[in-house]
Amino acid sequence: MKPFWAKSLIPLCWIAPLFSSAVMANLPVDDLGKHEILPSRQEAHIVTISDPNIPHTIDGRVHFVDVDRGRYLGALNTGYWYGGVVLPKTRNEIISPETHFSRGTHGKRSDVVTFYDPKTLQPTGEVLLPSKRATTVKAQGVSSLSDDEKFLLVLNLTPATSISVVDLDQRRFVAEIETPGCTQIYAVGNRDFNVVCADGSFMGIQLDDQGQLQKQIRRDPVFDPAADPITAGGARLANTWYHLSREGYVHAFTTRDGNVTAAPTWSLVSQDERDDNWRIAGLQHLAIHQDSRRLYALMIQGGPEQFEDPTDQVWVYDLDSHKRVQVIELEHPALWMNISQGPEAQLYAVGVDLQIPFLFSLWLYFAEGREYLTRLATMSFDTYELASGDLQHSLPRIGKLPNLIQPWQ
Amino acid sequence: MLFKWFDKLTENTTRQSARLTSRRSFLASVGTVLVGTAAYPLLPVWRNGAQAASQAGADPKEVSPGQDPGDPESCEYWRYCAIDGYLCSCCGGTKTSCPPGTQMAPITWIGTCRNPADGKDYIISYNDCCGKSACGRCQCIRNENDTPAYLPANSNNINWCSGGPADVVYNCSTAIILGIQ
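Line by line, the protein sequences give chains A and B.
Here the working numbering is used: the first residue of the first sequence is 39, the next is one more, and so on.
Here the working numbering is used: the first residue of the second sequence is 110, the next is one more, and so on.
Keep in mind the hints are simulated off the structure, nothing from the lab.
A portion of the hints provided could be inaccurate.
[Claimed, not checked] Facing chain A, a subset of chain B residues (Cβ under 10 Å, in silico):
#	residue
1	SER173
2	TRP187
3	ILE216
4	THR221
5	ARG223
6	GLY228
7	LYS229
8	ASP230
9	ILE232
10	GLY245
11	GLU253
12	PRO257
13	CYS270
14	LEU287
Ideal placement from N, C-alpha and C gives every residue a C-beta, glycine not left out.
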């Protein structure tokens, strides 16, 4: 015989669904075929993460993130061994130097500059380039806009070096300029560019209004690449480009009236810190906040071969006093770091994230080995408030091994 | 370089114990491994015989394990002192030959590595194998004496498959003895 309470529940079970269906309306039928579009730069702060997608390098990508909301917005597919997207300030388009093969990894090679709609991320056109685009690990200095954004320069490396010039208004390849012994490109005006050379000098490239070479200027060396080479990454303040050297010195090169002058170098580390093996780190390790004149550098304590290792330390310096004014500890050890500009600036970093508890990961290392653990590692994209260094968002699983963080401002 | 920190930990617990307490240090070591997948080495040293060596498909000379000690599938193998990329030994090739279907880039960069068996410094040529997408196995980065791309002679930041017969599609890296320094 059933107890009383069980008997009472039986009718309730029959009535409950009738009652709930009366109160809760059916969900409306969804529309098919809807597509999201990206917000404009006025509506949201957008940051791009360029990603060669190693080891699946045939499928390079650009990831778009809304850093106000910490939300992944979408991606571009950008072909083989991607070298980084170009984000103009004044043009309503996304510009992407790319390499494609007609049969995936073989067949006819096509190097192109592809233009994308900034809202739909659909390609809107392309310009064919000489099939010589440089494929390098670091994406800094492999392409550059002129200051007026009329021309795009793309570095070639076969390994002979040259530069392809694209007229963006006409969407047309207009010139190839040989730059023997010189590689990374740094814009210093509407028609003027510098490329860094193996002897420690900067070659000047001056274009005419049609994008043809007007003047090529060989200059004297301004640093000693044999003793302490500067790294590929640079940060610009007006016509001065700042670079870090392998030994942790800050170089400032100013271009004026066709000449390049070097300011006295200064060290990121004290002698004690140098003795303790503090050095630069990561693959994108330098940024400058223009309003506050502060320099941000990824730093690590480690051996001389660790200058490209991930680190959780961002050291902040006053550009005028050369004093360190802040240390930001990152949530995840980062290989790439950049900042936005303006009064409410942010710091962005892509770092290593295992997504599993620390002690468990230690156990996995000893139980299963390093190869196993490496397969579990992912990249997280972290957003920090620049002034305080406080973490605002962490977006997990961003790309395989990105090579460039760029805020689109 | 692969998981260098953990490897050293097993050898010298005391020296590394401080880093063991740091989750970030641990992640950093993992990240170092991931970076190894990105950097593809080669000094611009042209070797006319590189293509032939690739097609031969095997080591030209047999030597006793004692003369050439270590595991060619391990990043710690002595010849890899300046390598940066995926080890062809793990990818269907060997330390001196390319996997099937790939072609050896004739332009390469070299390192100087000490053989622990005889104490001699050997000049090692790290010819890349090209034409199939990245192998993805046994990534190995050892950044000693690496330079920026504007100093290409020592730069492992350049894809040295560029200009080779199979174009820029990188697969893995070999470690071929050129001679004794």
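Here is what the structure says about each hint:
1. SER173: violated, 28 Å
2. TRP187: violated, 16 Å
3. ILE216: This hint holds: ILE216(B) lies near chain A, its Cβ roughly 6 Å from the closest one there, short of 10 Å.
4. THR221: violated, 15 Å
5. ARG223: violated, 16 Å
6. GLY228: For GLY228(B), the interface hint is violated, since the closest Cβ of chain A sits about 22 Å away, which is over 10 Å.
7. LYS229: violated, 22 Å
8. ASP230: violated, 18 Å
9. ILE232: Violated. Min distance 19 Å.
10. GLY245: holds, 4 Å
11. GLU253: This hint holds: GLU253(B) lies near chain A, its Cβ roughly 5 Å from the closest one there, short of 10 Å.
12. PRO257: PRO257(B) check passes; min Cβ-Cβ to chain A is 5 Å, inside 10 Å.
13. CYS270: holds, 8 Å
14. LEU287: Violated. Min distance 19 Å.
Comparing the model with each earlier hint shows violations of hints 1, 2, 4, 5, 6, 7, 8, 9, 14; every other hint is respected.
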